[in-house]
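Given the coordinates of chain A, assemble chains B and C onto it according to the supplied hints.
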Amino acid sequence: MLKKLESSLIHLLLILGAIVMVMPFAWMISTSLKSQNEVFSYPPVWIPPNPIWENYVRAWQAAPFARYFVNSVIIALAVTLGTLITSSFAAFAFARIRFPGRDALFAIYLSSMMIPHQMTIIPSFLVLKDFGDFSPALGLDTYFALIAPFIASAFGIFLLRQSFLTLPNELEDAAILDGCGKLGFLWRIVIPLSRPALATLALFTFMANWNSYLWPLIVTNSNTMRTVQIGLRYFVGQEGNQWGLLMAAAVFVTLPIVIVYLLVQRQFVQGIAVTGIKQ
Amino acid sequence: MTMLSISPRRRREWMEWLSGYAFLAPSFIVLAVFTYFPVAYALGLSFFKWRIMSGAPTFFGLGNYQLLFTSDDFWQAIRNTVYFAVGSIPTGMAIALFVAILLNRPMRALPIYRTAYFLPTVTSMVAVSVVWMWIYHPDVGLMNYLLEQFHLAPIRWLNEPRSAMPALIILGIWRGLGYNIIIYLAGLQNIPEHLYEAAQIDGANRWQLFRHVTWPLLTPTSFLILIMAVINSFQAFTEFDVMTQGGPLGSTTVIVYYLYKQAFQQFNMGYGSALAIVLFLIILGLTLIQTKVLGPRVHYQ
Amino acid sequence: MKKLVLLSLVALGVIAMACAPAPTPAPTAAPPTVAPPTVAPKPTEAAAAKPTEAPKPTEVPAAKPTTAPTAAPTSAPVKITFWYALSGATGQVVEAMVAKFNQTHPNIPVTVVFQGTYADIANKLVAAMTAKTLPDVAQMGGAPTMAESGVIVPIGDLVSKQDLDDIYPGFWDYNKFGNQIVSMPFNNSIPIVYYNKDLFTAAGLDPNKPPTTWDELAKMAQALTKDTNNDGKIEQWGLNTNTDTHWYLTAMIMQNGGKILSDDGKKVVYNSPEGVEALQFWADLVNKYKVMPANQHAQANADFVAGKVGMIMRSSASLASVTTDAKFKVGAAPLPCKKTCSEPLGGASFLIFKTTPEKQKAAWEFTQWMTNGDNTVDLFIKTGYVPLRKSVSDNAALKDYLKSSPNAQILVDSLKYSCAIPTFGELGNSDEQLRLAIQKVELASASAKDAMDAAAALINKNMAGQ
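Residue numbers (numbering that gives the first Met the number 0), protein chains in the order written: chain A, 0 to 278; chain B, 0 to 300; chain C, 0 to 465.
Only chain A is shown next, with the shape it has when bound in the complex (with noise of 0.2 angstroms):
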């Protein structure tokens, strides 16, 4: 009887907080159905009574969306699988080598996520200019420029690290005993078992590098190689914005993340502990 009124709060506490959580998400919504003037009322109408559905095709035909969208998922693929191997290899370095410097390494490594990004697109832009001059291919308003600076995170590594460093340690002596070399040990068995850390290191990176803006902007100046969020900025003017058709777009330009999201977050099996040390 405890048990059931304990998980009843439980599920109240839940829902009030997934409400407020999801209002922003629900206006998003609600609001690209709208008609211009519907927008602002107060308090806010949450069902639009009439929902204008062809906000989303004039939302996708007003920008080069076909090809933003095909940009923008081949640079997140690029940057997240670069990101996951660069970062399992140092994380690795760091949990479980030794090596002299090892410590001051990681500060330094720590040390690149405290400088504010924006101070760094001017050196990165001017880089990428000169890589340029020397190959067109590596300059700016390719490929290279939008995935190259981002493949490497000191976030994730740091995120690896943590998860590595809680494996036991007889893991590892096991696999010495039975011939495993350090890549065979990585690949074999601490990527296999550290699932959600890569799992969730892939869905930040992906995230972050879908909604990043200024950089793409910075580089590109072709529609050939822009990204989704650039497309957004159609809607969002000086003098007001068009609000149903960049709710519009908001909503399908955030799709692709909330499905990485779903499949994501299957790795996230409840009280998963595959050790497979018997104590």
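Take the hints with a grain of salt, since some may be wrong.
[Unchecked claim] Restraint-style ranges between C-beta atoms, simulated for each label pair:
1) B:I100 <-> C:I233: 51 to 57 angstroms
2) A:V44 <-> B:L146: 53 to 59 angstroms
3) B:Q199 <-> A:S6: 14 to 20 angstroms
4) A:Y212 <-> C:D165: 36 to 42 angstroms
5) A:L8 <-> B:H298: 30 to 36 angstroms
6) B:A108 <-> A:I28: 36 to 42 angstroms
7) C:S404 <-> A:R57: 52 to 58 angstroms
8) C:G264 <-> B:L293: 56 to 62 angstroms
9) C:K448 <-> B:P153: 50 to 56 angstroms
10) A:D129 <-> B:L146: 45 to 51 angstroms
11) C:V411 <-> B:L66: 44 to 50 angstroms
Everything labelled a hint here was simulated from the structure, so no lab data went into it.
A virtual CB, placed ideally from N, CA and C, is assigned to each residue, including glycine.
Only chains B and C this time, still in chain A's reference frame:
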């Protein structure tokens, strides 16, 4: 001759060192080109006076730093940032942990709840700002409506210096919750079930389970979250730009917003770079302190 | 030891900067002998082509008449890039205009690139300046601030007497830095009062008679401020303004006979008695007449279209969007006057960058076309950005539009009061200090005199130091 005189053990040790550096190499190269080089660039630029629209940079020595440390606006920005950090970090972490634990048990609506708590992190900032401006509206907003229901006086949230930062602290916690919940969930997954079982067999109740099993084994995750929270809150920018533009009366001007105004609205690149370097050193200092003080308390096994 | 560390850090930093392409702007002398081998005549042009033109002298020849439909024949297409930062309906108008230009001017193919908001394009231009990847022509806000950057061709050097006379003087002032015309006006707006005609009627006011003086403004706002549900709090406010409060205050200062900048352009003088009076009136609206909520400008636009505010001061450029956003009848009126009427301009302009003489010439031709009579009328009809030229009063499309939209007629009538303060180095900072002063008096944390004095003192200190 030298190869023969190195013992196999020494050689193994060197191979281990080499493999360590080799594993670091790819990420280090990318970070060096796209982060450390910009830091060095900013450092160099900080010794120059450069208003981009007015011509070439001129050497200024430590002038920017002098201006910075004697500027009231700078110190106000520091105070505001610390206020924001202190207000949002402990509360945010506690709520995230609480919710993560609740969401780590089998429940039918689990995927729905998890998605709901995640949505704030992916909702377009435009939508977030419109809805929260409404929530905080002094006349017709949700917050004041609730306060009224409880017979409390309305607060002019974003429109008054005293309440603007608390309003943004709440917004900051709300937005960051999803991230921290997910990281905590991942950390909770790493705790072997059999430890819970063993403790339960020993007769531990729920609070003791938390205190002796969950919390200690979550310390690596908590450590990560804390360090990241400090780094991120000291670099907070978007909410302050979109919701209040640093006002009213500068009460919500945090350091990065101050930097942004100097470097990208006034185009004082030299001064902006000096600000970036100072911020960098502050965060670095705080991180080192946390590592020294809290590092030893983290249980990895 | 510490000195060594410090020195090596500085050295490292300086080396890093040296290794990056030198961030010095383009050489101040225009490129002297950039011959046009890069613009080789295309085969299709060869038949009627003249021999490749010799390098043009660095002075671009006088502008052609603005209504010329086709360009004078040149022998090879000159490609130029155009960056702009307008979106929504306005952005679409710009893209359509550029498409039409490309159709009618095959010898000047323009590549048009959308660059986000004014803040974004400013960032982009800064990056491009450091990396030397500037476009040929760009539309941006605050364009005159680039006067001393060394990378632009001042429009004052290119413009003809005809244009100088045809475009209202206020627009030229708006694009000056000091005494030199730097940029070309393109999308400009004036501050106006939008009002809710339904609320006017409900308050017993004549919906066709908006306030014309400061006193009327305060009185009408009082009639419009109501506690609609008798709970002791005001839900409906008489007046509010958009977040660019400095703009409306500047107008008020000038309407009261005050000045912003001293005649020699070396200091700001808005803490004069006239200026302080203007700020005091603003403060009274909040604290004495209680018709404007304190520091609630961020919510002002939403509140107005939701029917919660009787009158709002906002840019004329929003005319189209406010009209569609509101469920009620929207009235528009110029700002109320005091000793004089004053409509200081806002908006953005075209800049031409130093590249090659051919490209600069092509860019100027493009600029002239985009700001010609037909196009400025088209922009006005579709947005609320005001027409630039006096000569458009004969334009048929404009006449039809004015007949159908009384609000638009009001805007055009207000243009005779348009004026501008030439840009000066501290303008951005100064506007911000004015906004801060307004916040102070609204929140009753300083008197109008103290707030103005503080603002002026800070800006004058900066100006003296430069």
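How the hints compare with the structure:
{"no.": "1", "hint": "B:I100 <-> C:I233: 51 to 57 angstroms", "verdict": "45 angstroms, violated"}
{"no.": "2", "hint": "A:V44 <-> B:L146: 53 to 59 angstroms", "verdict": "23 angstroms, violated"}
{"no.": "3", "hint": "B:Q199 <-> A:S6: 14 to 20 angstroms", "verdict": "19 angstroms, holds"}
{"no.": "4", "hint": "A:Y212 <-> C:D165: 36 to 42 angstroms", "verdict": "40 angstroms, holds"}
{"no.": "5", "hint": "A:L8 <-> B:H298: 30 to 36 angstroms", "verdict": "31 angstroms, holds"}
{"no.": "6", "hint": "B:A108 <-> A:I28: 36 to 42 angstroms", "verdict": "20 angstroms, violated"}
{"no.": "7", "hint": "C:S404 <-> A:R57: 52 to 58 angstroms", "verdict": "24 angstroms, violated"}
{"no.": "8", "hint": "C:G264 <-> B:L293: 56 to 62 angstroms", "verdict": "57 angstroms, holds"}
{"no.": "9", "hint": "C:K448 <-> B:P153: 50 to 56 angstroms", "verdict": "31 angstroms, violated"}
{"no.": "10", "hint": "A:D129 <-> B:L146: 45 to 51 angstroms", "verdict": "57 angstroms, violated"}
{"no.": "11", "hint": "C:V411 <-> B:L66: 44 to 50 angstroms", "verdict": "47 angstroms, holds"}
Hint compliance for this structure: hints 1, 2, 6, 7, 9, 10 are not met, and every other hint is.
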